[in-house]
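Residue numbers (the numbering used here), protein chains in the order written: chain A, 1 to 250; chain B, 1 to 68; chain C, 1 to 361.
Just so you know, the hints here were simulated from the structure itself, not pulled from any lab data. You may find that some hints are simply not true.
Said to hold, decoys possible - Heads up, simulated BS3-like pairs for lysine-lysine below, C-alpha to C-alpha not over 25 Å straight-line:
no., chain 1, residue 1, chain 2, residue 2
1, C, Lys-53, A, Lys-6
2, A, Lys-6, A, Lys-195
3, A, Lys-188, A, Lys-8
4, A, Lys-201, C, Lys-53
5, A, Lys-181, A, Lys-195
6, A, Lys-184, B, Lys-36
7, A, Lys-181, B, Lys-30
8, A, Lys-6, A, Lys-201
9, A, Lys-6, B, Lys-36
10, A, Lys-181, B, Lys-23
11, A, Lys-181, B, Lys-36
12, A, Lys-184, B, Lys-32
13, B, Lys-68, B, Lys-35
14, B, Lys-3, B, Lys-32
Remember, predicted model here, so these are calculated numbers, not experimental data.
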Amino acid sequence: MTVFDKPKSLTDAPLHYCPGCTHGIIHRLVAEAIDELGIEGRTIGIAPVGCSVMAYNYFTVDMVQAAHGRAPAVATGVKRADPSKIVFTYQGDGDLASIGTCETVHAAARGENITIIFVNNAIYGMTGGQMAPTSLPGQITQTSPYGRDVATQGYPVKVCEMLSQLDGAGYLERVAVNNVKNIKNAKKAILKAFKNQVEGKGFSLIEVVSTCPTNWGLTPEKALEWLNDNMLPYYPLGVYKDKFAEEAAK
Amino acid sequence: MAKLTFKTDLCKGCGLCVGACPKNLLVIAKDKINKKGYHPAEMTDAEKCIACAFCATMCPDCIITIEK
Amino acid sequence: MSGPYGTMAEKVLMKGNEAIAEAAILAGCRHYFGYPITPQTEVAAYMAKRMPKIGGTFLQAESEIAAINMVMGVASTGRRTMTSSSSPGISLKAEGLSYLAGCDLPALVVNVERGGPGLGGIQPSQSDYFQATRGAAHGDFRMIVLAPASVQEMADLTMHGFDLADKYRMTSMILADGTMGQMMEPVSLEAPEVKTYDKSWAVTGTDCKRPHNIVNSLYLVPEDLERTNFERYERYRTIEENEVMYEEFMMEDAEICIAAFGVAARVSKNAIMAARAEGIKVGMIRPITLWPFPKAAFKKAAEHVNTFVSVELSMGQMIEDVRLATECARPVVLCNRAGGMIPSPEEVLQRIKEVNGGMTK
């Protein structure tokens, strides 16, 4: 009996990510959700710009590669063109919370029936380790070499907290992938975010607190610890909004 | 007994599986180099594996298959 | 009228912007995304009214950037889709235009131009000619650029633009000026014949029956990117050979040739009639496709024309294409107003007389 195998919705293409990068785990969780819901044939994914730009090579579903930050707008177009399709975006923190903030906020405000997987690792990976909108106060990056100074570089954007103020946002949860327990919770959240869409409920966004061993300058193991000790206190895990559950309870 | 299969040539030697194994059965094989040029992960004592799949859960490259 | 479609249906009085919107619907466009900006807002308003009644999508996007990316989403699924804006808004759409080109996606984009640069003004202009025919955005690419000179052509070229976009998998742009958008004329609208195009590249869901389709403009291997660019330009060459449209007016014996499109061509016609009444042999070539530019027509005209006059609502942009097309065989002079001003027939006539008197600057 097979206890664990690669999900069907992942292609055989070797992932280009750095050793220990948790993008691979998150890809797998998305693919598992697609498999479990049996929606592989009618799912369309939108890849971002950033490390996960080549996500289009890793999922067996039809994929569109969007301009930096515009994935929620492209997803809106795809979904409006054919509401029977299941449409998800996969975006990093620079893509979603910096250049694409406007598209993110308004897709949520419209209650667009799409699923957004938001990977927050507090740094720009693809371009080599610059400050992200989610970089922590004091965090050293290539463009905050003396540590992020909130007096001049401002505070991190807490996406789930921010979007939870919008009436259109349906389901917002922050999860992490730094240990087996958190990964199992992340899996549940991602599955639910897709299921919400299948059931026609509306906008779901899962923020996945993730690592970047290479640009954090840490080993993959140490990066998991850094996530736990530094990211999670600033970005507490949990459900920030579940309008659908609230509506069901009424 | 559980059977772990590694797609060894896809392993990047990150070691996340090693840290995840509750039985400490996995190591990074410093004496081996795979096609990608990494020291791959390997099982030291298959007999003791309990098929918890923690290693596969942590593996970012999805290279571990577990059968029981 | 010189449009590609017949004009059998009963005529109705419409604004140019409304004619574009209704023509798009007749051409099968069911997904419109826009953002208000003068002087094109009637397109959005018309779509807002009509789309919900016919099961289509009207969405007022959060920005022009979002609107063009929503267009990209729909286009990726193989459906007809469009957005419209005016000059400053088109600048915002530039990124999306480049991605549409890089992904070889068909779409229709309307620019009802106003004066610039910057926020400029809200009066008619043709100063986005360079932007439309050359530098819409980063990278090597072209758009098919259609320049209507009547409300009927606003409709006809919209329908034609969708066909060209589908046929060549690229963006067709309607480059109109504020006059064309705002003026009312009788127009006859008839649904065009529905053609089918190969859309096997579209993201429609694999249904688990085929390998996944990827709509993408990223090529990290330079040899691959170079190859796609060369292939795309092969297609552009076919377009240059087959899709040029223009109107010749009184060119048989012309010694002076006016080059003008859109409202400038309408003004020029009046000036030509007045000049002819005075015995001046003047005619006009009116490009309908600004890209591909009617190079051959101008080159041929240079065989018997002494001087070309480019009449434009800009500081002189198309004039460069006239010089290139005629290989500078004859002098090409400018007759222009800018910033939202339109040359009067008298001003154009005056310029014709100057040229007729031997002026070549």
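Verification of the hints:
no.: 1; hint: Lys-53/C / Lys-6/A; verdict: 46 Å, violated
no.: 2; hint: Lys-6/A / Lys-195/A; verdict: 21 Å, holds
no.: 3; hint: Lys-188/A / Lys-8/A; verdict: 18 Å, holds
no.: 4; hint: Lys-201/A / Lys-53/C; verdict: 24 Å, holds
no.: 5; hint: Lys-181/A / Lys-195/A; verdict: 21 Å, holds
no.: 6; hint: Lys-184/A / Lys-36/B; verdict: 29 Å, violated
no.: 7; hint: Lys-181/A / Lys-30/B; verdict: 29 Å, violated
no.: 8; hint: Lys-6/A / Lys-201/A; verdict: 29 Å, violated
no.: 9; hint: Lys-6/A / Lys-36/B; verdict: 20 Å, holds
no.: 10; hint: Lys-181/A / Lys-23/B; verdict: 17 Å, holds
no.: 11; hint: Lys-181/A / Lys-36/B; verdict: 30 Å, violated
no.: 12; hint: Lys-184/A / Lys-32/B; verdict: 32 Å, violated
no.: 13; hint: Lys-68/B / Lys-35/B; verdict: 28 Å, violated
no.: 14; hint: Lys-3/B / Lys-32/B; verdict: 21 Å, holds
Hints 1, 6, 7, 8, 11, 12 and 13 from the list above are not met by this structure, while the remaining hints are.
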